[in-house]
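Asks: Protein chains in written order, with my numbering: chain A, 1 to 203; chain B, 1 to 370; chain C, 1 to 641.
Rather than coming from a laboratory, the hints here were simulated on the basis of the structure. Where hints are given, some of them may not hold.
Here are the simulated SDA-like pairs of lysine to any residue, each with C-alpha atoms no more than 20 Å apart in a straight line [claimed, not checked]:
id, chain 1, residue 1, chain 2, residue 2
1, B, 194, C, 346
2, B, 361, B, 253
3, B, 243, B, 233
4, B, 325, C, 65
Pair ranges (Cβ atoms, derived) [unchecked claim]:
id, chain 1, residue 1, chain 2, residue 2, range
5, C, 606, A, 146, 49 to 59 Å
6, C, 495, A, 150, 52 to 62 Å
7, C, 495, B, 50, 36 to 46 Å
8, C, 233, B, 62, 55 to 65 Å
9, A, 164, C, 497, 47 to 57 Å
10, B, 120, C, 489, 52 to 62 Å
11, B, 164, A, 150, 51 to 61 Å
Even for Gly, the Cβ is constructed at its ideal location relative to N, Cα and C.
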Amino acid sequence: MSESSMTRPQAAVAHHTSLGVDNRKLGVWAFIGSETLFFATLITTYFVFAPVNRARPDFQDPRQFLDIELTTVLASILLASSLTMVLALSASKRGDRRWFTTWLLATVGLGLAFIGGQVYEFNHLYHEGLTLSSSLFGTTFFVLTGFHGTHVAIGVIWLLSVFFKVRAYPDSPENAMDVEIAGLYWHFVDLVWVAIFVLVYLI
Amino acid sequence: MNTLPRSFLRWSRFLLLIGMSVVIAACGNNPGNTYDPYGDNARRIYELLIPIWWMALGVFVVVEGLLIYAIWRFRRRAVGAAMPAQVHGNTQVEILWTIAPAIIVLVIAVLTFRTQAENAVMPDDALRIKAIGHQWWFEFQYPDLGAEGKPVVTASDMYIPVGRPVTVVLESQDVIHNFWVPKLAGKTYMIPGKTNFLTFTAEQPGIYRAVCAEFCGEAHALMRFRVIAVDEAEFNRWIEQKKTPPSAPAGMLTVNGLTGDAARGQAIFLDARKQCIACHAVEGTNARGQIGPNLTYYGSRQTIAAGILPYSPDNLDRWLRDAPKLKPGNLMSRVLTPQWIKANLSDQEIADLVAYLDSMKVSVTLPPER
Amino acid sequence: MAIAERTAGTVSPPSVSVRPGWAGWLSTTDHKRIGIMYLVSAFVFFLIGGIEALLMRIQLGVPDNTFLTPDVYNQMFTMHGTTMIFLGLMPLNVGLGNYMVPLMIGARDMAFPRLNALSIWLFIFGGLMLYVSFFVGGAPNVGWFAYAPLTQKQFAPTAGVDYWIIGIGLTGVASIAGALNFIVTILNMRAPGMTLNRMPLFVWMQLIVAFILIFAFPVLTVGTIQLLFDRHFGTRFFLPNLGGDAVLWQHLFWFFGHPEVYILILPTMGIISEVLPTFSRKPIFGYAFVAYSGVAIGFLGFLVWAHHMFAVGLGPLANAFFGAASFLIAVPTGVKIFNWLATMWQGSLHLTTSMLYAIGFISMFVIGGISGITLASPPINVQQTDSYYVVAHMHYVLFGGAIQGIFAGIFYWFPKMTGRMLNERLGKWQFWLMLVSFNLTFFPMHLSGNEGMPRRIYTYESEMGWNLWNLLSTIGSLLLAVAFLLFLWNVLTSIRRGSIAPADPWDGATLEWSVSSPPPVYNFAVTPRVRSRRPLWDEKYPHLHEVNGSHETPAARLRGLLYDGAEGEMPMAMEPIHLPSPTYAPLIVSVGIMILGFGIIYLGDFGVIAASAMLVGLLIMATGILSWVRISHVDSPYQAH
């Protein structure tokens, strides 16, 4: 908040807080803490069932189904989107509207590409015979990655709403913070993907 | 404020009443009383409870005593009374009353873990009995005591020898149930997809009440059984009889004003159109249904419908006609509704069925009810 | 009181328009109004849950009773537990917190007023959805703990479980949103000088609870989502015959469920820690120990969940660990109780109804704590778990403890919230009747439990020897109902005809008593400057501050400094007051989410219709969010300050 609020004293008044951290930023951090438990539970469930799956007659081998190349591309896309997000935030703080638009839309585009990739992957797996009900692997895999995908989709909607809001009110002192907290969430979702990628796809 | 002492008097009288009730309850020997153990497992738990109970009573008396004393001693006696000293705290006192409860729980923990270790012992020579939970009845199998590799199977009455450790192997067919014989041992869950073990020794012969203690659906309250502990010789006599299929049914029995014929009853029982054998099994016959309880030697059961009616031919007759009312939700009457029974079984046929089921008896000298 | 009058006179009306009548409530973003909405709706749910309990007690009054069918009885105890926990106790605490926390820390509103409004609406709609189930095939009948696999479609075919999932889901979102709001409000909106170590203990406990909540609730959410998928979309998380794991549900549920106990009890411990000092006319004894023992309880609360599962067969080692961790909780709990006793010690105890309830809390909570010790011991636990002993223990903690604590809080703060005093005479009648009938209801359950009476049975045989205990419980529960009617009567009459409450009726120490009763919509005309743990007390009794040789501010500097300019000068710079505008956006978003919830319930069975309903829900949500963004932009430079 420092840069934007220094240039806009009005915002400094609005944002006086006991800890010196913006309210919404603190709120999003706490929310991320909560979401961490959400994904930790889903990932734990996946690992609880991995050995059970292996011992069952309807065992489906993750190695046989998961396409590491595709998901490496997806992971890179999401990682790249974190970079563009950082650039968008920095442009927003500079007050550079053109580059802000570019980088934010790039982030949205990469997010959409990730979702597209995941839809393609799910569709492919479904035709290979991996479904929610085909095995414990299917059950745990789709619910885990599906909820991550939903979070990415929500992130895309969030970023787009920030984009339109900034366009509608270009002079709002809140803009930099709007971008920053959307970015926080975006990085978190990205980080969750890294965890899923390593724990589910690679191991 | 001068009404207060009266309130306290009421209070203390009330506490006294509670205390007396505790004493009375501890002395009673109701069929499910955990304060009245007859098994080693339950006894060790009871013996652990006693010292903890005294410690708890001590804590209770100290805390409530201080509280009541403080109210009596420090209550404001007049409006505008002097301002008390503004004490903010005292670190030494804090340390003291952090350590005091810590020591108490440490003692309790040590006692606890000793008992826990003792109750977890599973001797190799223990008699293994498999108990399987069903909605809403208990099945018992004696895998090591059957003839020709087939276990002895029964339901609702679990026979065990006195003085010999028994390890119950707990499983479930559908939802989670909970195996509880309060006077013999603590509870253990019966979980589908998981096998649990519970070891205990009955110290005296007796018929012990037991229940399913985990909520398991509509008729959970009516899912009961009996543990029948008899001395080793009697137990062996029982198991030997159970290994042999019942002999050909014969004899007459008057039920509900009609004379039932056991042999005719068997024919009805084995008639596929009457549906009995779709779910029930009787050793030595074509009845091999696996869904309901095994009915071999049904005439020696202590109860009907998983512990809810004392066994008698008349109650069996009632059960066959009126199962949904006696045990709402039970699987049999969901399939064979009273209407179906009315349409497919005449009064005479029911009397014959009762005569047949009642004719299959083992001879056991029953111990007293505990 | 004088202070409030002085300061109130110096300010012009705030730049906020409150809509009149119903519209004002539906569109409100004022934490005080939202707090009252929480309290009223939670109390209504609480009464419904109480009626469910009465029906059960009537059924159990005599053996072999046929007043309720087993299925209805099972619905009753499921709904009773779910209602009391999610729709009664939790929101009662949230309501008191919502109203009092900003006032106690010197803030003008919660950090996120619109999110606050969203929380109350989601909570109300979640509760209503749960109760809709009664009219569409039957309420859930699987217990509030919903053990797998009894919750699967095979065993629970009605939509009751689905409504339970979605109802709990909505109130869960409401709770998490509320908790985030509390965290940010308490950490960030404190008045200047209100350091963490000067915060009222009620605020401390609300902060701890908020943290427990955001970490515990997502785990339940995942569990219920997996259950929903099992029931409708072909997964097998909890289907043992397909490799699923019935015990996993218990882990997920109790990882949430045990911290939930502290979510219910800690705020009321906070209330006690406000009420006892006020009516003892002393500061809380060992402030730091009371605060940090709360932190310890909150932390340990996450390490003991499997003490609900000692009979599950997790193995002796796991049981020993969870038993030991559970024993440990006795230590911080004991510390709290001793500190409360020491607070009363040598005080000048003013035995108001609120104080009586606070004392009642201690006396009954001690019994609940002691009975908890035997339950924490794995060997004893397996005799007592799933028996009426647990019902007794749990009600001593949550009724004798939490509910009495909430009553202490209501009698304490009702004057502040309404500007009227509750009738003390009626209140004391209610207290004594409740104390006696509570014990009459629940004490015998210790005995029936240890004499072998399992929980959740709709009938029992006469020969089991539980008749007397059950009859006493039933009589007690009917008397309890009378006590609640007394309270209801007290509230309804006092709110109209009760004597007018001054700003500071109890000679309180904390900031909420420095403003008028009820407080102005903007709470504080001038943001207070806090210099000690008892800002108002030290303002009133500066000489006492010095007497005890406290390390904080010298007495001379305290006088009249709570509010800058209170010594007759104008404040240095009169800040403008800005409050969030009223808006329907949170209500609209909640309606959308509720419709979405209905869609999810029927998606498996009526695909197209349900999907269209979900679409409608999403559209309504989107509309609400748009208007939310707009209003928040208009308000943005002026967040409540």
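Asks: Decide, hint by hint, whether the structure agrees.
Replies: For each hint, the structure was consulted:
no.: 1; hint: B:194 with C:346; result: violated (58 Å)
no.: 2; hint: B:361 with B:253; result: holds (14 Å)
no.: 3; hint: B:243 with B:233; result: holds (15 Å)
no.: 4; hint: B:325 with C:65; result: holds (13 Å)
no.: 5; hint: C:606 with A:146: 49 to 59 Å; result: violated (22 Å)
no.: 6; hint: C:495 with A:150: 52 to 62 Å; result: violated (46 Å)
no.: 7; hint: C:495 with B:50: 36 to 46 Å; result: violated (52 Å)
no.: 8; hint: C:233 with B:62: 55 to 65 Å; result: holds (56 Å)
no.: 9; hint: A:164 with C:497: 47 to 57 Å; result: holds (54 Å)
no.: 10; hint: B:120 with C:489: 52 to 62 Å; result: holds (55 Å)
no.: 11; hint: B:164 with A:150: 51 to 61 Å; result: holds (58 Å)
The structure fails hints 1, 5, 6 and 7 (numbered hints given earlier, in ascending order).
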